[in-house]
Amino acid sequence: MSGGAWLCLLSPLAGALAITTGGTAISRRTAAWISTGTTFLAFAGAVWAFLSLRSQSGHHGELTTAWTWLQSGSFKVGLTLLVDPLSTLMMLIVSGVGALIVLYSVGYMDGDDEERRYFAYMSLFVFSMLTLVEGGNLLLLLVGWGLVGLSSYLLIGFWHERPSAVAAAKKAFVMNAFGDATMALAFFVLIAHTHSLSFATDFNVHLSSTAQTLVALGLLGGAAAKSAQIPLQTWLPDAMEGPTPVSALIHAATMVTAGVYLIARTHPIFEQARTVELIAAGTGALTLVVAGLVALVQTDIKRVIAYSTMSQIGYMFMGVGVGAYANGMFHLLTHAFFKALLFMAAGVVIHALAGEQDIRKMRGIGALMPLTKWCFLAGALALVGVPPFAGFFSKDSIVAATLGLGWYGYVFWACGVLGALLTGLYTFRLWFLVFPGEPSPFVREHHHTHHGQEGPWTMLVPIGLLALLATAAGWLQFAPIWHPLTDWLEPAARTLAVAEPTNTQEYVTSVVTVVAGLAGIAIAWAVYAGGRARRPSLPFVQRTLEHKFWFDELYDAVFYRPTVALSALLRTEVEDAIVLPTGPDLGRTTLEAGALVRRLQTGLLRTYVLFLAGGAAIVAFVFLLAK
Amino acid sequence: MILAFSAGNVLVWIVWIAAGFACLASGIAVVSFSNPFYSALALIGNLGSLAVMYLLVSAEFVAAAQVLVYAGAVMVMFLFVIAYVGPELEAPWAGGPRWQSLAAVLAAGSLLTEIIVVIGLKAGGSLAHDGSVPGTFGTPGWIGRLFLTDHLLAFEITSIVLLVAAVGGVILGSHTQRGAET
Amino acid sequence: MSGPGTAWYLALAAFLFGTGALGVLIRRNPLIVLLSLEIMLNGANLALIAFSRHVHNGTGQIFALAVMAVAASEVCVGLGLVVALHRRRLALDVDTLSELRG
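Chains R, A and U are the protein sequences, given in the same order.
Under the numbering used here, the letters of the first sequence match residues 1 to 627, in that order.
Under the numbering used here, the letters of the second sequence match residues 1 to 182, in that order.
Under the numbering used here, the letters of the third sequence match residues 1 to 102, in that order.
So here's chain R without its partners, still in its complex pose:
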């Protein structure tokens, strides 16, 4: 079991180190295949760990420590890996989907000058994410947390000649750093009370309710920043400046889901601060509606999918927030499949159109790229939640789980249903604008095939595989009837009783959400496919949605401008006025002091005798005092 975990964790690291130390001595293709190979090796390790955990009775998992890392008095922290149901699930997702995406990158990034750097960063990212999910104590989790933030920064700003990419990378990093800070504060509170960061101690301790709330709030802040939930969501759309495989891996399938994983992992802490857990659910509900609305007006194909990600993670937050951890994790699994698929299919289109991302120009490309069209459709249907595709099973179980909570449960339920409608609407707006119909002149002019095919095999095989998974993976769990995933996760994250819906609730919710999704598809068809209905023209609404509810402008005014003004002020008042003259002043003062002392050396005998007499007087005085 632990062998699998170590193999899984260390292969991407070995890959990254090999590429880095190889430098220009290895060819770009070699670097690409090293990265791909080690990621597949990691997947093999994950499968090994999973199988050996399954064969263990009770599935309680084990902790394996390499060596003690930090020690300070009674506070000890080791390099500990945890292999339990939750972590093996995440390991499989991260390494599996990651391997497919790295394989896809081999085709997508072919020809780029800095391929080696890209693949080194990708391997670094996979290693960081695995550290996060395999970490056996909170400190190692935090290390992984920070490293994925770093990898995200490096990969968003990969094309660093582009100022927009650099700015986006900085924005992502700074907002994530805010979340890191709140998490660190939460850890400080934990250490102050328990002197330990191990899971066993921290999850079983009972702190005062204030301390518990503070810790939970700190963790929620970190989760919200990493998962791009309101109010820390503005970095995710900008992160689309990175290459498409990066968007697929980091900003769809794995890194942004780390927040959900965190809440599921630390759920004992949240359960003792139930209010904060419900705040998490509320944040998720709010985000899923807001993101759905903003996605309706986006014109960049990647940004539509990015807002869709934000919205779906809102669902996951809602799920884990009400206590249905297994449902949230199930949606995480299916979302990883279909969201990565959507991004990668979009990437095939972008690649074929030589970098064009504006959907208004892409009309009709489905006629020239049928495979991509059908894969994208599979992903879109899974996203909307149409049975029998994957999203249906996972999304509805979350929405149904909110019903047991009281009045705010009903609010969450309504948000979930509204979200389903919006999902159908924006997804199929995208589909109808891009794929069906006659190819536009722009498409005819710019489309190019890859040796007669839609794209290289390294890009087509992954999307094909993911299309199959997006179709079939949902059958893993149909909550009332068979639920192997919930059973599997029970030792690590038992669903709260209040979050278990009755069969009736489950069926009714399923029907309602499917109807809502289909209604959204119908509206999109009416407006965008045939022009049978006109899109209502509401300029104020349009403007608000286009400005993403003015979040960026708000943050600019509240945080950015005052900081810039403060630093300018400090520059003139402190730096130029006080700090800079200090050096010369110090020298000058020393010289003046020396000149002053020199006046004592008069050269006169009488003066030196005076010093003698004065010294004697002082010594006598000291002796007098001593008496």
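Quick caveat, the hints were computed from the structure, so don't treat them as lab data.
It is possible that part of the hints are untrue.
Unchecked claim - Derived contacts from chain U toward chain R, CB cut-off under 8 Å, selection only:
| id | residue |
| --- | --- |
| 1 | Ala21 |
| 2 | Val24 |
| 3 | Leu25 |
| 4 | Leu90 |
| 5 | Asp93 |
| 6 | Val94 |
Stated by the list, open to error - Using C-beta positions, here's what the derived DEER-type ranges look like:
| id | chain 1 | residue 1 | chain 2 | residue 2 | range |
| --- | --- | --- | --- | --- | --- |
| 7 | R | Leu600 | A | Val15 | 31 to 37 Å |
| 8 | A | Leu172 | R | Lys627 | 40 to 46 Å |
| 9 | A | Val118 | R | Pro581 | 47 to 53 Å |
Unchecked claim - Selected chain A positions facing chain U (in silico; Cβ < 8 Å):
| id | residue |
| --- | --- |
| 10 | Asn46 |
| 11 | Val62 |
| 12 | Tyr70 |
| 13 | Trp99 |
| 14 | Trp142 |
| 15 | Leu146 |
Cβ atoms here follow ideal geometry from the backbone N, Cα and C, with glycine treated the same way.
With chain R's structure known, arrange chains A and U on it following the hints.
Relative to the frame of chain R, chains A and U by itself:
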């Protein structure tokens, strides 16, 4: 302090005050005159009044030596040299950096004050008089016996010092080689 | 015998010492500096003699006589210096002998 006034006592006090006054006045005169000749003469007066003080404390031999050696030989030597060098008039407080004079007064004054304070602290304690001394106290024979028995080493070393000083004085005073004189 | 106690003698000795120190510090003619030095020595002598009487011990008087001898030899050497200075036509002013100036 014990002030016991009786007939002989009053005389002692009068003599003491007179001698003390003379001592102080001549001391201040030495440092105040601009003509070195007058300063030397004031010093002679100082030495004489000190000899009277020594008599009051039954140190007869020391008083005699004071007059003979100090006032008689040393001061005469001084007067020789002053006569040889000539009167160089010099104002007492002039010259040197501005702070020299003030600092000098402060230093000397603080030394003086500290000594007075120490005496004051001890007075009434161990400085109280405690009776009379034997008749031989301070006589030449007594001193001589002490010199040749208890303090023989001091006696011999003092004589060596005197010898060295005499030789040094002769060398210093001798004529220098041709060419070194300006 | 009675009369002033030892404290009075010591106070007088202190005054003499202070006066002599003042003279050394503010006068420029080397001859007068030497004279002031003599006053300081005499002040010390007076203290010694007074204490000798106080503790009924002859050591103080012996010491005073030794001081007198040393003072004599020091005056001898000092006056020799003054004469040598005068012979070389140097000014008799300690302020001009300032080779230690900083």
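How the hints compare with the structure:
At a threshold of 8 Å, the smallest CB-CB gap from U/Ala21 to chain R is about 6 Å, leaving the interface hint in force. Given the 8 Å rule on beta carbons, the hint for U/Val24 holds: about 6 Å separates it from the nearest Cβ of chain R. Given the 8 Å rule on beta carbons, the hint for U/Leu25 holds: about 5 Å separates it from the nearest Cβ of chain R. Taking 8 Å as the C-beta cut-off, the interface hint given for U/Leu90 is violated, the closest approach to chain R being about 14 Å.
Hint status for U/Asp93: violated, given a least beta-carbon distance of 10 Å to chain R, over 8 Å. Interface hint at U/Val94: satisfied, since its Cβ lies 5 Å from the closest Cβ of chain R, which is below the 8 Å cut-off. Range check, R/Leu600 to A/Val15: Cβ separation about 47 Å, and the 31 to 37 Å hint is violated. In this structure the supplied range 40 to 46 Å holds for A/Leu172 paired with R/Lys627, their Cβ-Cβ distance being about 44 Å.
Taking the beta carbon of each, A/Val118 and R/Pro581 are about 52 Å apart, inside 47 to 53 Å as hinted. A distance limit of 8 Å between C-beta atoms decides the matter here; for A/Asn46 the minimum to chain U is near 7 Å, and the interface restraint holds. Look at A/Val62: its Cβ gets to within about 5 Å of chain U, closer than 8 Å, so that hint holds up. About 6 Å separates the beta-carbon of A/Tyr70 from the nearest beta-carbon of chain U, less than 8 Å, and the hint is met.
A least Cβ separation of about 12 Å between A/Trp99 and chain U goes past the 8 Å threshold, and the interface hint is therefore violated. Interface restraint check for A/Trp142: the shortest CB-CB distance to chain U comes to about 7 Å, inside 8 Å, so the restraint holds. Interface hint status for A/Leu146: upheld, as the beta-carbon distance to the closest one in chain U is roughly 5 Å, under 8 Å.
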